[in-house]
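Participant: Sequence:
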Amino acid sequence: MLSGRDIAGNMRTSIISFEVIEEVHEAELVVISGRIVDSDGNPVGGARIESGTGKGAISDSGGYFFIEMERGIVTLTITRKGYKDVYINIDARYDGNESLDDIVMEKEREEDNDSALVELFRSNTYCQVCCGALIIVPIFLMLLGLLARSRSRSRKRREYEE
Numbered sequence: 038m039l040s041g042r043d044i045a046g047n048m049r050t051s052i053i054s055f056e057v058i059e060e061v062h063e064a065e066l067v068v069i070s071g072r073i074v075d076s077d078g079n080p081v082g083g084a085r086i087e088s089g090t091g092k093g094a095i096s097d098s099g100g101y102f103f104i105e106m107e108r109g110i111v112t113l114t115i116t117r118k119g120y121k122d123v124y125i126n127i128d129a130r131y132d133g134n135e136s137l138d139d140i141v142m143e144k145e146r147e148e149d150n151d152s153a154l155v156e157l158f159r160s161n162t163y164c165q166v167c168c169g170a171l172i173i174v175p176i177f178l179m180l181l182g183l184l185a186r187s188r189s190r191s192r193k194r195r196e197y198e199e
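In this text, residue positions in the sequence shown follow this note's numbering: the first is 38, and each later residue adds one.
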């Protein structure tokens with residue numbers, strides 16, 4: 038009920054009724070599951086699985102994971118230190134959960150430390166000088182400090198003896 042005055046100043050009372058229609062759309066969710074393995078078929082635990090929707094999961098020690106997300110077309114990004122990233126496009130618009138085949142992650146190429154060091158010295162002579170200086174300068178400064186300390190002590194002894 039609303040009461041008020043009209044333009045002429047007369048008191049008016051009106052009854053207004055309205056109905057609130059609430060329509061709730063619950064997001065339809067789908068569960069995507071799978072297993073992550075390396076190129077030898079061994080499970081990859083601790084891999085991070087993320088969708089563009091902000092949802093994520095981490096594979097267990099057996100390489101298994103599941104991730105719950107809204108239906109739609111998504112790209113899963115799978116990452117793990119020491120492995121190349123994997124991207125999978127999934128069409129999860131239809132009824133039912135999605136179970137993926139084994140997802141194979143390739144190991145990143147590990148360089149032999151010795152060969153990488155040799156290549157560094159071959160390609161950049163300046164780096165050789167810098168690396169050597171990094172070792173020599175602290176030793177030189179340490180020796181200067183010892184020398185100054187030694188002179189300071191001998192001066193104090195002379196003053197004490199006099």
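Please note that the accuracy of each hint is not assured.
With a cut-off of at most 30 Å between alpha-carbon atoms, the simulated BS3-like pairs for lysine-lysine come out as follows [to be verified]:
no., residue 1, residue 2
1, 121, 92
2, 92, 118
3, 92, 144
4, 121, 144
5, 118, 144
Taking CB as the label site, the calculated pair distances span [said to hold, decoys possible]:
no., residue 1, residue 2, range
6, 49, 105, 14 to 22 Å
7, 82, 182, 48 to 56 Å
8, 78, 145, 15 to 23 Å
9, 108, 145, 16 to 24 Å
In case anyone wonders, no lab produced these hints; they're calculated from the structure.
Where a beta carbon is used, it is the ideal one built from N, C-alpha and C, also for glycine.
Participant: Of all the hints given earlier, name the ones this structure violates by number, lowest first.
Facilitator: 6 and 9
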